[in-house]
Every structure is written in C-alpha cells, then in structure tokens.
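**Q** Chain order of the listed sequences is W and P. Position 12 of the first sequence, counted from 1, bears residue number 12 in the working numbering, the numbering being contiguous throughout. Quick note: to get the working numbering, add 1000 to the position in the second sequence (first position is 1).
In case anyone wonders, no lab produced these hints; they're calculated from the structure. Errors might be hidden in some of the hints.
[As the list claims (entries may be wrong)] Calculated Cβ distances over 10 Å to all of chain P for the following chain W residues:
no.: 1; residue: M1
no.: 2; residue: P59
no.: 3; residue: T243
no.: 4; residue: I291
no.: 5; residue: D464
no.: 6; residue: T470
no.: 7; residue: R578
no.: 8; residue: Q643
no.: 9; residue: Y646
[To be verified] Okay, the calculated beta carbon distance ranges per label pair:
no.: 10; chain 1: P; residue 1: E1071; chain 2: W; residue 2: Q621; range: 47 to 53 Å
no.: 11; chain 1: P; residue 1: R1086; chain 2: W; residue 2: A473; range: 51 to 57 Å
no.: 12; chain 1: P; residue 1: S1095; chain 2: W; residue 2: R117; range: 44 to 50 Å
no.: 13; chain 1: P; residue 1: V1008; chain 2: W; residue 2: G635; range: 43 to 49 Å
no.: 14; chain 1: W; residue 1: T634; chain 2: P; residue 2: V1008; range: 19 to 25 Å
[Said to hold, decoys possible] A few chain P positions that, by computed beta-carbon distances, are all more than 10 Å from chain W:
no.: 15; residue: F1060
no.: 16; residue: E1071
no.: 17; residue: N1085
no.: 18; residue: R1098
On a predicted model such as this, the values are computed, not experimentally measured, just so you know. In this text, a Cβ means the ideal position worked out from N, Cα and C, and glycines have one as well.
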Amino acid sequence: MSATGYGWLVLAFPFAGMLITSIGWRVLPGRLPGWIASAAIGLAFLASIGMLIEIQDRPEDARALIDSAWTYATAAPDFRVDFAIFVDPLAVFMCLVVSGVSFLIHVYSVAYMGGDRGYARYFAYLNYFVFSMLLLVLAANLVILIIGWAFVGAASYLLISFWYRRTTATYAGIKAFVINVIGDVGLVIAAFLLSDKTGSLDLTAIFRRAGEVFPQDDVTLVFACIFILVGAFAKSAQLPLHTWLPDAMEGPTPVSALIHAATMVTAGVYLIARMHPLFELAPTAADVGAIIGTATLLFAATVALAVTDLKRIIAYSTISQIGYMVLGVSVAAYSAGMFHLMTHAFFKALLFMGAGSVIGAMAGIQDVDRMGGFRKAMPFTFVTFTCGALALAAFPLTSGFFSKDDILAFTINRGGGYWVLAIVGYIAAGLTAFYAFRMVFRVFYGDPVPEARELEEGHLAHHDPANPMTGEAEDTDIGFPGPEHHIAERDWPMKAAMGPLAVLALIAGVVQVPGVSDAVENFLEPSFADSRFADTAPTVGAEWVGLVVGGLISIAAIGVAFRFYLRLPGTTDRLRERFSGVHTFLVHKWYFDELYDAVFVRPAATAGSFGRRVIETDFVQGVIVGGASGVVRTGTSFARAIQTGYLRAYALLVLLGVAGLGLYFLLTSS
Amino acid sequence: MDVVWFLVLSAFIFCIGAAGVMTRRNPLVVLLCLELMLNGGNLALVAFSRMNGGQAGQVFALIVMVIAACEVVIGLGIIVAMYRNRLPIDVDEMSELRG
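Can you make the complete structure from the sequences, with help from the hints?
**A** Shown next as structure tokens:
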C-alpha cells in the first residue's frame, strides 16, 4: 500500500472507533468501549508505522505526497479545495507521536475511567479528538487544517466539561472554547490573507508562490504570520492566551495527559513548523514568536513554583515546555523543536498519569499540601513519576536533556539578541528542575499522610465525593466522577501504559545524541530542506557545551530542591514569609485572570446586563412592542367597551337596532 | 272593534317584557319576560289575521308558541345546570364575554 493509503487508514480507524463507541454505548458491556477505542488508536499507530516505512523507501526529494479524495469546494475556475492529505516526514512524525501516545493514554483510561457512568461517551470523545488531531496533522490545505483545528477545540471543550454537572468544569470548558475560537479566527484571517495574495489554499502551492509574491518581510506576510501565531498561541496556551489551560485541568486526568499536555497543545508548534517557509520570509513574525515563547516559558515556570494543585503545577509546566518548543521552531531549530515535542509528549503524559494515580490514592484530592509520603505505598507510581520528573528536569542523559538543550544550543548559535532568549531559557530550565522535584519531594517523601498509611495497610482511601476546587458535595451519578478510584498499583492497564512511557522518557533521547545519532533530524530533513537556516545549525562541540551547561543547571536545581524540601524542611515557609508579596503574585498567576476579568469579562457582562435591562426591557419591550400594541389597545378600547358581557345590555342593543330599523322603514314607506 | 286597540295592548305587553328582560337579573324572571314579549307578538299576529280574514297569522302564532316552548326548555335547562354547579343565579354575574 502506498504511504497516502496508510495515511487514509490513519484517519479511518479513529473515525470508525468514534462511530462504534458513540452509537453502541447502550449495548457495549463493561469495559468493551474502552478496548474498542484503544484498538482503533492502536491500529492507527500501526498504520502510521506503515506510512513511515513506505515513506522511508522513497528517495529523499520525493517524500512529500499529496492524495486527494474528492473536491471539497470550487470557487473560481482555477481555485478549488480538495479533501486531501499531505504526507511528508513532518506529518508522519506527528502521526506517530499523536497515535502512539494516544494509544497508551487510551489503555490507561480503560482502567482509570472504570466505574464512571459516562464510560462509552468518554471514549467516543477521545477517539473523536484523536481523529481531529490526525486530520489537522495530515491536512494538505488550509481549509482541512482549519476544520481539524476547530474539531480539536471542540473535542477539548467536550472533554474538559466531561463531568458536566460540575460547575467549575463547565466554566473551564467554556473558557477553553472561547479562547480557542479566538485562535481559530486568527487562523481563518491568516488563511484569507495568504489565499488572497497567492491565489491558493494548498500548503505546497502557498509555499511555492510565497517566495515570488512576497518580498522579504512584506507587511501583508508579517500580518498573516502574526495571525497564524495568534492561532498557534491560543491552541498552545502561550502568553497572553494561556489562561484556559490551567483551568482545563477540570477534565479527567487522562484527558489532561492526552490533550492538554501531549498532543493538542502542541498543534501550535506543529503549525509554526509546518508554515516555516512563510516565517523565514517574515523574520519579524518569527522573532515575535521567539520572544513570546521565551516570555511564556519563564512566566509559566515561575507560576509552577507557587501553585499547590498537583495537576495545575504540571499544567503550568506544560505551558513552559511548549514555550521552549515555540522558541525552537521560531528560531528555525525545527527538528530540535519537534524532538522536544516528542520527548515532552512522553514525559508529560507520564507525569499526568502518575498524578492521576496519586489523585486516585487521595480519593480525588489534588492539593499537594495535603499529600506526602506516598513512596512506600505506591512504589510503581513513585518510580515512573520520578522518571518523568527527571526527564522534565532535563537530568543528564534523560530524553528531556537532549531535546531541551538542543533548542537552547541552536538559539545561542543564532547569535545577536537570541543570546538573551537562550539565557532566559537556561534560567527557566533551573526553575523547571526545581519545581519538578518539588512535586516529587512533596508528594512521595516526608511523613506519610493518613491516605498513604491507609494504602500501606492495603486500603484505598475514600472520601465523600466533592469538587476538589470548591469542596462542594457531589454524587457519583452521571455527570460527576464515578464512585471508584483507581491507582496504577492495582490496575494493570494503567501500569501497562505508564511503564513504556517511563522507559521512553528516560531513553528516548538516544535517537538524537549530538554527533552520535541524529535520527530525528535526518528523518525530518526533507521537510525542512528548504530552510535558509539549515546551515546555521550549531556544531557538535557547541551542542555538547550547551548540554553540559544544561545538565549542570539541572543537577544544581534538583540539589536545591533536595535541600529545601528534604534536608531543611520549612525553608520554603520562611521564604514565603520573607517574600510574601512575590508569593502572592505567583499564587495569583501574575494576576492574568484578574486582568482579563477586569478588561474583558466585566465590561462584556456589564454591556450584557445593560442590554438586557435597558435595551431589551425598556426599549424593545417598552417602546417598540409596547408602542405598537399600545396604539392598537387604545384604538380598540371603544370596541371593547361595547362588549360588556351583560345580557341585558345586548338585549337593549338588539332592541334599539330593531326599533331603528322599524323607524327607518316607517319613514321611508310614507 | 278597531284593530288599533289590539295593537296597542300588544305593544304594551311587548314593552313590559322588553323592560323586564333589560332590567331584571334573575334568569327565571328574564325568561318570563321573554314569554311576555313573544305573546305580545302573538297577539299582534292574531289581530292582523282577524283584520285581513286570512289564516296565515294564526298559523304563525302557533309556530311562535312552539318556539317559545323550545326556548323555555333550553332556558330552564341552562338555569338548572347553573344551579347544579352552584353558580350564582344572576345574569349579570355571567359576563365572561366582556371585551
């Protein structure tokens, strides 16, 4: 089968899985929907491997294939949009990462979501999400890409609000959807600008003609690229459109792992990498991307130091790591950025799975202040979570070590002002290592909390079901989390998903060790062969210098965390008292939510209530409707007055009428 | 005897009936007054028939009596239904047709 044939299969399997689980939810018993959905994604992963093999067989300059199923729309005689897929090394790479990580997360969910009343619905949503993501990745033109882009946002909304009776979850879903739509609009405007100038929506045609149509740093192109960035920043939760991602943690934990860490939020990174010919023609826009990526990675790393909700720490860590990727693809370190996307998908999904297991052991509580000492009670979770934390901290020789420092080495190599960005990146890398081990030390070390002791004795803790954010009491019926809690130690599917990811988080770096193996770079090379910066890659020596610096920073930061949390517990309390202003600032996440509330939400709410009170009630109801009906009411009041309802009045009128007629005939006859 | 006297009496009876229908509130009395109006009409019909020497007026008077009987049946039926439903026996209270 050809590579594009496999490409269609990659799309077909999740779509079929979605249909089966969503239509058969009533008849499929027990955990069957979960297994069907997992099998669908597993088959998509196999098809991705088929695509990989097929495409590697082709000569290097013929690895970009387009296959069209049908013509989706035609406008002018030479302007048409096909339902077409574009298979090239970048798309294959993304398909492999998305379907591979999704498969493991599906398997994890089979156990983790057990007992939830919305089991089949959950897997239908999850398959729908994977289908949308693969559609986005394989799209050959901007229309299909935007369709996949919007589908992904919709799937994210559905899954964040999965527990739809939980008010905080539905609010979070709405927030995510609104911010995602801002990004969709940006992308649509960008598509319009590009098709207006180049006369096509096909990605390859746009790239081919862009060089002829646009001069270097053309204003229209810069604006188009900025709008692409708006789309990418909304989806990838970069400043200033990041506020939805921490709230998206209201969804089930595997959803956080899949959508809000491993795959969907990296769509923005993929988009920038995919559009790299345009960004290279518009360096101003690329610099905007690099600066915002750097600002985001520092901002999110500082917030992750202060928040106490376990899932939100990882969420801010995600924002920060995606900042690294955005920085990478914006400074033309494409393969480094995509490599970090892959390793991040492994270790971040793993961290979320570990967090899900811990939250299961805490019976739904997510606050790290109430956790501690789970090391003995949950050995498997402890080991795998630590593997993930090591990779996140870029500990030497783990996967994150090679990928993150690859990006920073490339940034330094660009020289000039990029130095500053790289230094900020290294500072944030230190913070990253610190907060990664803050989680490990606070959750797994220290005195065991009652839940941990109970688990050591063989009982899983149970609390009355409640919303972890507000403490509101809940039941376990449909629309709320199910009655059962699951931990990796007791459910083999969760173990089966976390084990491979832990191994990958540790060793996946070997595929791209500078000077030893450059598998990712060589594989992606055909996609980025046209890059003007292909020659500016750092030398092997420079990369190793960067790796050593990054490794030292990581070890030092882990040492600091060790000292703060294990050697001298209470240090952080003293620091918090000493710098209470800074702490409050960080706990409030730099007051972004408050700012948006004051600038956008409140004025909109005020305008809305003004419209309802004054325009709707007083003007529309009062003047327009009331005026028209008032005229009729006054005009007919005479007619109504005749209808007294009194029998004798009618009798009088009849009599008067008859008398009048009689009088008339008498007068006329004489 | 001149027909005028009959007609004057008939008009008198009819006016008593009409005034009763318009002023009284008890439906029973209203029905009685309706009978008066109909019989005033009958008297005029019979008087004209005697004056003209034909039989048509007599026949009309008989038909009016039949109609009066029907009307009494229905009217009394309504009044009994009102009484059974414990509605007030008062025509002014039944003014749902007010605009």
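**Q** It remains to establish, for every hint, whether it holds in the given structure.
**A** Against the structure, the hints come out as follows:
Its beta-carbon lying about 80 Å from the closest one in chain P, W/M1 satisfies the requirement of being farther than 10 Å from that chain. The beta carbon of W/P59 sits about 91 Å from the closest Cβ of chain P, which is more than 10 Å, so the claim that it is off the interface holds. For W/T243, the requirement that its beta carbon stay farther than 10 Å from each beta carbon of chain P is met, with the minimum near 60 Å. The non-interface label for W/I291 is consistent with chain P: the shortest C-beta to C-beta separation is roughly 75 Å, beyond 10 Å.
Annotated as non-interface, W/D464 keeps its C-beta farther than 10 Å from every C-beta of chain P; the closest such distance is 57 Å. Against the 10 Å criterion, W/T470 stays outside the reach of chain P, whose nearest CB is about 54 Å from its own CB. Taking the minimum C-beta to C-beta distance to chain P, about 81 Å, the non-interface status of W/R578 holds against the 10 Å cut. Consistency note on W/Q643: stated as away from chain P, yet its beta-carbon is not over 10 Å from all of that chain's, at 3 Å minimum.
Non-interface status of W/Y646 relative to chain P is broken: a Cβ of that chain comes within 10 Å, the nearest being about 6 Å off. Against the hinted window of 47 to 53 Å, the Cβ-Cβ separation of P/E1071 and W/Q621 comes to about 50 Å, which satisfies the hint. Against the hinted window of 51 to 57 Å, the Cβ-Cβ separation of P/R1086 and W/A473 comes to about 52 Å, which satisfies the hint. The supplied range of 44 to 50 Å is broken by P/S1095 and W/R117, whose beta-carbon atoms lie about 58 Å from each other.
Evaluation of the 43 to 49 Å hint for P/V1008 and W/G635 yields a pass: the beta carbon distance comes to about 46 Å. The given range of 19 to 25 Å is broken by W/T634 and P/V1008, whose C-beta atoms sit roughly 48 Å from each other. Taking the minimum C-beta to C-beta distance to chain W, about 18 Å, the non-interface status of P/F1060 holds against the 10 Å cut. At roughly 14 Å, the least C-beta separation between P/E1071 and chain W is larger than 10 Å, which holds for a residue marked as non-interface.
A cut-off of 10 Å between C-beta atoms confirms that P/N1085 is not in contact with chain W; the least separation is 18 Å. Separation of P/R1098 from chain W is inadequate, the least Cβ-Cβ distance of about 3 Å not exceeding the 10 Å criterion.
Going through the hint list in order, the structure does not satisfy hints 8, 9, 12, 14 and 18.
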